[in-house]
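**Student:** So you can see what is in the structure, the chains are spelled out below.
There are 2 protein chains.
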Amino acid sequence: MTAAAETGRGRRNRTDRRAQRTGAPSSIEQLAVLDRNLADVNILSEEGLALIEENAEIICQEIGLNISEDAFAIQKWQEHGADVEFVDGKDDTARIRFPRGMLRTLCKTAPSSFIQHARNPARNVEIGGKKTVFAPVYGPPFYRSYDEGRRYATLADFETLVKLTYMSPALHHSGGTVCEPVDIPVNKRHFDMVYSHLKLSDKPIMGSVTAPERAQDTVDMCKLVFGADFVDQNCVTTSLINVNSPLTYDGIMNGALRVYAENNQACIVSPFIISGAMAPVSPGGVMAQALAEAMMGIAYGQMLRPGSPVIFGTFAASMSMASGAPTFGTPEPALIIMGMAQLARRMNLPFRSGGSLNASKVPDAQAAYETMMSILPSVGAGVNFMLHAAGWLEGGLVSSPEKLVMDADQLAMVHIMQGGVDLSENGQAMDAIREVGPGGHYLGCDHTNRNFKTAFYESKLANSASFEQWEIEGSQDMYQRANTRWKRMINEYDALAPAIDPGTDEALRSFIAERKGSMPDAMY
Amino acid sequence: MTAAAETGRGRRNRTDRRAQRTGAPSSIEQLAVLDRNLADVNILSEEGLALIEENAEIICQEIGLNISEDAFAIQKWQEHGADVEFVDGKDDTARIRFPRGMLRTLCKTAPSSFIQHARNPARNVEIGGKKTVFAPVYGPPFYRSYDEGRRYATLADFETLVKLTYMSPALHHSGGTVCEPVDIPVNKRHFDMVYSHLKLSDKPIMGSVTAPERAQDTVDMCKLVFGADFVDQNCVTTSLINVNSPLTYDGIMNGALRVYAENNQACIVSPFIISGAMAPVSPGGVMAQALAEAMMGIAYGQMLRPGSPVIFGTFAASMSMASGAPTFGTPEPALIIMGMAQLARRMNLPFRSGGSLNASKVPDAQAAYETMMSILPSVGAGVNFMLHAAGWLEGGLVSSPEKLVMDADQLAMVHIMQGGVDLSENGQAMDAIREVGPGGHYLGCDHTNRNFKTAFYESKLANSASFEQWEIEGSQDMYQRANTRWKRMINEYDALAPAIDPGTDEALRSFIAERKGSMPDAMY
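Each protein sequence line maps, in turn, to chains A and B. Converting from the first sequence to our numbering requires adding 295 to each position, the first position being numbered 1. Converting from the second sequence to our numbering requires adding 295 to each position, the first position being numbered 1.
Fair warning: there could be bad hints in the mix.
What the hints assert, rightly or not - Beyond 12 Å from chain B on every Cβ pair, some chain A residues (computed): (1) G376; (2) D386; (3) D387; (4) R484; (5) D487; (6) Y544; (7) I547; (8) A587; (9) M598; (10) A662; (11) Q705; (12) L738; (13) R745; (14) K748; (15) Q764; (16) E766.
To be verified - Each pair of labels, with its calculated beta carbon distance range: (17) A:D330 <-> B:E341: 19 to 27 Å; (18) B:F747 <-> A:T749: 26 to 34 Å; (19) B:R745 <-> A:Y819: 53 to 61 Å; (20) B:A802 <-> A:T749: 54 to 62 Å; (21) B:E766 <-> A:L791: 37 to 45 Å; (22) A:A817 <-> B:H736: 48 to 56 Å; (23) B:E342 <-> A:G798: 49 to 57 Å.
To be verified - Taking lysine to any residue and the SDA-like style, the derived pairs with C-alpha atoms no more than 25 Å apart in a straight line are: (24) A:K782 <-> B:K755; (25) B:K755 <-> A:S340; (26) A:K385 <-> B:G735; (27) A:K385 <-> B:K755; (28) B:K425 <-> A:Q713; (29) A:K371 <-> B:A617; (30) B:K426 <-> A:S340.
Rather than coming from a laboratory, the hints here were simulated on the basis of the structure. Predicted model only: the values in this text are computed from it and were never measured. Where is the CB? At the ideal position from N, CA and C, for every residue including glycine.
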C-alpha cells in the first residue's frame with residue numbers, strides 16, 4: 296500500500312493569516328473543504344463488496360421497493376421498463392421491481408463530484424472525491440443551552456445556530472433545518488429557514504423537503520439570489536431526501552426529489568436506518584438494503600435529469616435491544632458507514648454519512664465519546680458530506696449551541712490529522728535536533744521559534760492549564776466554557792456578518808411575503 | 296487494496312456466554328486480546344519512511360545519544376564498536392555515536408511478537424502482529440473520584456484500580472503503576488504494587504523501573520509465582536522504560552532495562568515526548584528523533600540478551616504554544632503515532648502508543664473528546680500495546696475510577712469495530728429482508744429474534760433512555776453513572792476475586808517482609 300499524506304499544506308486561508316497579523320479579524324476565519332490526505336479505510340474485500348451488490352440486485356429484482364402516493368413516479372418507472380404491481384387498491388401506490396442492473400446503469404450519469412455554489416464564491420464547496428464537507432445538525436425540534444436547559448426550538452434559536460455555523464471555521468456549509476422553528480407554522484417555516492441561511496450566512500445551504508412545493512419555493516428563492524439561468528446550470532442547494540426505510544419512497548420525499556433533480560439541484564438520497572427497526576440487525580443486511588434503497592432514489596433523479604448532482608447517503612444507528620431505543624456512536628453503525636462508503640466509491644458517487652451523533656441528554660462525556668466514535672470512523676471511511684457534523688444531542692431531538700462549538704473545535708483538528716505529515720526540510724527539523732542535541736530542550740530553539748504560531752492546533756475549548764489555575768478560574772467543565780464561547784461568538788457576529796445586496800434582500804422578502812400571504816397557517 | 300475484515304467472530308469468550316446463560320457470573324467476563332481485522336492506517340509513503348529512517352541514522356551517527364551515570368552500558372557500547380566521548384568530565388557519562396546501521400542490525404534479533412504469561416494461563420496475551428493489548432493508566436500521583444474529588448493517591452486506591460481493571464472485559468492487562476501509592480515510602484512501594492497485581496488480579500503485569508534493584512525485586516517476585524526456570528525462558532512482565540528525551544538514557548532507566556533484558560523479560564522502550572520540549576515541534580522531526588532513541592534502547596537489550604522480548608514505544612503529546620502546557624488528544628500526536636507505528640512495523644517489532652490521554656481535570660466532554668482522538672487513531676495505526684488505555688485524567692497527573700470504567704466501555708466497542716463485518720448467511724440477513732419487505736419493520740422478525748442477544752454492543756454507561764425517563768432517574772451525566780458502576784463492580788469483586796495458591800502467597804509475603812526489613816524508608 297502506498298500512502299501519500301505528506302504534503303505540508305497551509306492550515307488556514309489567507310484571510311485568516313491576514314487576521315492574525317493585524318490582530319483584529321476583519322472577516323471570519325474559514326477552513327478550506329477538508330482534503331483527505333490519509334488513505335480511506337476499507338473494511339470489505341472485493342468479494343465482500345460483490346456479495347453486497349449482488350444482494351442489493353436481488354432486493355431490487357425479486358423483493359422490490361414501494362412507492363406510496365406518487366402516481367407520477369410510478370408511471371415514470373413503468374415507462375422505463377420496471378415491473379409495477381399496484382398495492383392496497385390504490386393507483387398511486389405500488390411495488391416496483393427492476394430488471395437486473397437497471398438502477399445501477401441509470402446511476403451512471405450522476406457526476407462523481409460537483410461544486411455547490413454559495414452566494415459568496417469563496418465559500419463554494421466541492422463535494423466528492425477526496426473532499427469532505429462539514430455541515431451542522433439537521434432536524435431537532437428541541438434546543439438545549441447551558442443557561443435555559445431544554446425547550447422547544449424557535450426561529451431565534453435557528454438564527455443563533457446559523458450565526459454560530461457561519462462563525463465556525465471547520466463548518467464549510469450552513470446546513471438546513473439546524474433546528475425546527477416550532478414557533479412558525481409548519482407550512483411557512485421553510486421560508487424563514489431558507490431566508491436565514493441566505494441572509495445571515497454566505498456559506499452553501501440546504502433546501503426544504505417537507506413538501507414538493509416547499510422544495511420549489513427553495514429553488515425560487517435561490518433564483519432570486521443567484522439568477523434563474525445560473526441555478527439551472529449550477530448546484531446552489533443540497534437537500535436531504537430520507538428514504539422511508541425499509542424499501543419505501545413516499546410521495547413527499549419522492550416529490551421533493553423530483554423538484555430538485557428537475558432543477559439540477561443536489562439531493563442527498565439517504566436511507567434512514569435504525570438497525571433492527573428499519574433494517575436487519577446485522578451490518579451486512581443493512582448494507583444490501585441501503586444500497587438498493589439509495590440506488591432507486593439516485594436512479595429516479597438521473598432518469599428525470601441525467602447528470603444532475605446527487606449524493607449517496609446513509610444514516611445508520613443501532614438500537615438498545617433492552618429498550619428498543621436508538622443508540623449512537625456505537626461500533627455497528629461505524630462498520631455500516633465504512634462499508635457503504637466503499638459501495639458508493641464503486642459507483643463513483645459522493646457519499647454522505649456520520650456526524651456528531653449521540654444519545655446523551657447533555658454535552659457530557661457520553662456525548663463526546665459517541666460523537667467521536669461516529670465522526671472519526673466516518674472521516675476515515677471517506678465520507679464526502681457530513682451532515683450533523685456539529686451540534687447534535689439526544690438522538691437528534693436536540694440542537695445545542697454548546698455542543699456545536701465543541702464539535703466544530705474537534706472538526707478543525709480532523710483537518711490537521713487528515714492533512715498528513717509535513718516532510719519538507721522544515722518539517723524534518725534536523726536543524727533543530729542538531730542545535731539542541733542530547734539532554735537539551737526545544738523550547739527556545741530557532742526551529743521552535745520559526746514555527747511557533749502554526750506548530751499545534753490550539754483548541755478553542757480544551758483546558759490545558761494546571762489544576763490550580765483551573766480551580767481559580769472557576770473549575771469549569773467544557774460545557775460551561777462552551778457556553779461562554781458561543782455567546783462571545785454571537786456578540787462578535789454583527790461586526791462580521793456577511794453583507795447582502797439590498798435589492799436581493801428586498802426581492803427575497805417580497806417573495807416570502809407574497810407566498811406566505813397566499814396560504815393559511817397550517818400545522819403539517 | 297484488499298481488505299479482509301469480514302470474519303464473523305464471537306465477541307465474548309465461553310466463560311461469558313456460560314455466565315449469560317446461567318444469569319449469575321461465576322467468573323469475570325474477559326475479551327480476548329483485540330485482533331485487528333481492519334487494515335492498519337498508513338500515512339507515510341515508502342519514500343517518507345526511508346527519509347525518516349535516514350534522518351535517524353544521521354542522528355545516531357553524527358549527533359549521537361547520551362548515556363548518563365551508567366559506566367557498564369558505556370563500556371558495553373565501546374566493546375561493541377560504538378564511538379564513546381566522555382562528557383562533563385565523568386567516567387559514567389558519555390556521548391555515544393554509532394556506526395551506520397549498527398543499531399538497526401542489533402534490533403533484528405528481537406521477536407516480532409511474543410506471549411506475556413499471566414498467572415492464569417487463560418489471561419496470557421500475545422503482543423505483536425495484528426494483536427492489540429489494552430492496559431490501564433500508569434503513573435499518576437493523584438486520584439480523583441466523584442465522591443472525594445482530587446487528592447493524593449494511596450495504596451487503597453491502587454488496589455481499587457487493580458480490581459476494576461480485573462473486572463473490565465476490554466482490559467487485557469493489569470498494568471503497572473495504576474497510581475502512585477504515595478502513602479508508602481518510595482523505596483518500598485514497588486513491593487506493594489507488584490504484590491497487588493499478582494494477588495488481586497490474574498491478568499499479566501508490569502514491573503518496577505524506578506531503580507535497577509527494584510526491577511530485580513520484580514523479577515524475583517515473579518519467580519516465586521511462576522518458577523525461576525519458567526521466568527528465564529518466558530516473558531511474565533512487561534515494564535516501561537522511558538527514554539529521557541532528547542537523546543538520553545539515564546542510569547536508572549538503562550539499569551532497569553538491563554535487569555529485565557538479562558532476565559528475558561519484556562520492556563517497552565519508549566521515547567517520552569512532549570513535542571516542542573523534548574523534541575521538535577514538527578511530527579517529521581519527532582519521528583526521526585524517537586526512532587533513533589528507541590533503536591538505541593532496543594539494541595542495548597538485544598546486545599545483552601539476543602532474542603529477549605521488547606516493545607518499540609512512543610509517547611507523544613503536543614503543547615500549548617500559549618502557555619507551554621502539554622496538550623493531549625490533539626491531531627499532531629495522532630500523526631506521530633501513525634508514522635511511528637509504520638516505522639516499528641518495518642522493523643518487525645511490536646509497537647506501543649496511544650491511550651486515554653487528555654488534559655481535562657474532570658471526566659467531562661473534553662476528557663472524552665481527547666481520549667477518543669487518542670485511542671481511535673492509535674488503534675487504527677496498529678498499536679500492539681496500549682498503555683494508559685483507561686483511567687487517565689489531567690495530563691497523567693490523575694487516575695480516576697470513573698474514567699477507567701468509561702474508557703473500558705469504549706474499548707469494548709473498539710473490539711467490535713475492529714472485528715469487521717460478518718458476511719455469513721446470517722450476517723447477510725437476506726431472509727429478514729425477504730420476510731419484512733417494503734414498509735414493514737424488523738423488530739419482531741425471525742432474524743432479529745435469533746440475533747437478539749448479540750446484535751449490538753450494549754454500553755454499560757451510555758444512557759439511551761428518553762429525556763423524560765432520564766429526568767425521572769435523576770438527570771445523571773456519565774460521570775455520575777460511572778461512579779455508581781465502579782462501586783458496584785468493587786462490591787462484586789470479592790465473589791469473583793482470583794484465587795491464589797496459599798503457599799505462593801506466603802512466599803511472596805515473606806519475601807516482601809524480608810526485603811522491606813533490610814532497608815530504611817526512603818523518599819526517593
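**Student:** Would you mind marking each hint as holding or not holding in the structure?
**Tutor:** Hints, one by one, checked against the model:
no., hint, verdict
1, G376, "holds, 20 Å"
2, D386, "holds, 18 Å"
3, D387, "holds, 15 Å"
4, R484, "holds, 23 Å"
5, D487, "holds, 26 Å"
6, Y544, "violated, 9 Å"
7, I547, "holds, 15 Å"
8, A587, "violated, 9 Å"
9, M598, "holds, 20 Å"
10, A662, "violated, 6 Å"
11, Q705, "violated, 6 Å"
12, L738, "violated, 6 Å"
13, R745, "violated, 9 Å"
14, K748, "violated, 7 Å"
15, Q764, "violated, 9 Å"
16, E766, "violated, 8 Å"
17, A:D330 <-> B:E341: 19 to 27 Å, "holds, 22 Å"
18, B:F747 <-> A:T749: 26 to 34 Å, "violated, 52 Å"
19, B:R745 <-> A:Y819: 53 to 61 Å, "violated, 39 Å"
20, B:A802 <-> A:T749: 54 to 62 Å, "holds, 58 Å"
21, B:E766 <-> A:L791: 37 to 45 Å, "holds, 38 Å"
22, A:A817 <-> B:H736: 48 to 56 Å, "violated, 29 Å"
23, B:E342 <-> A:G798: 49 to 57 Å, "holds, 55 Å"
24, A:K782 <-> B:K755, "violated, 35 Å"
25, B:K755 <-> A:S340, "violated, 32 Å"
26, A:K385 <-> B:G735, "holds, 18 Å"
27, A:K385 <-> B:K755, "violated, 48 Å"
28, B:K425 <-> A:Q713, "holds, 23 Å"
29, A:K371 <-> B:A617, "violated, 62 Å"
30, B:K426 <-> A:S340, "holds, 20 Å"
Violated hints, in rising order: 6, 8, 10, 11, 12, 13, 14, 15, 16, 18, 19, 22, 24, 25, 27 and 29; the structure is consistent with all others.
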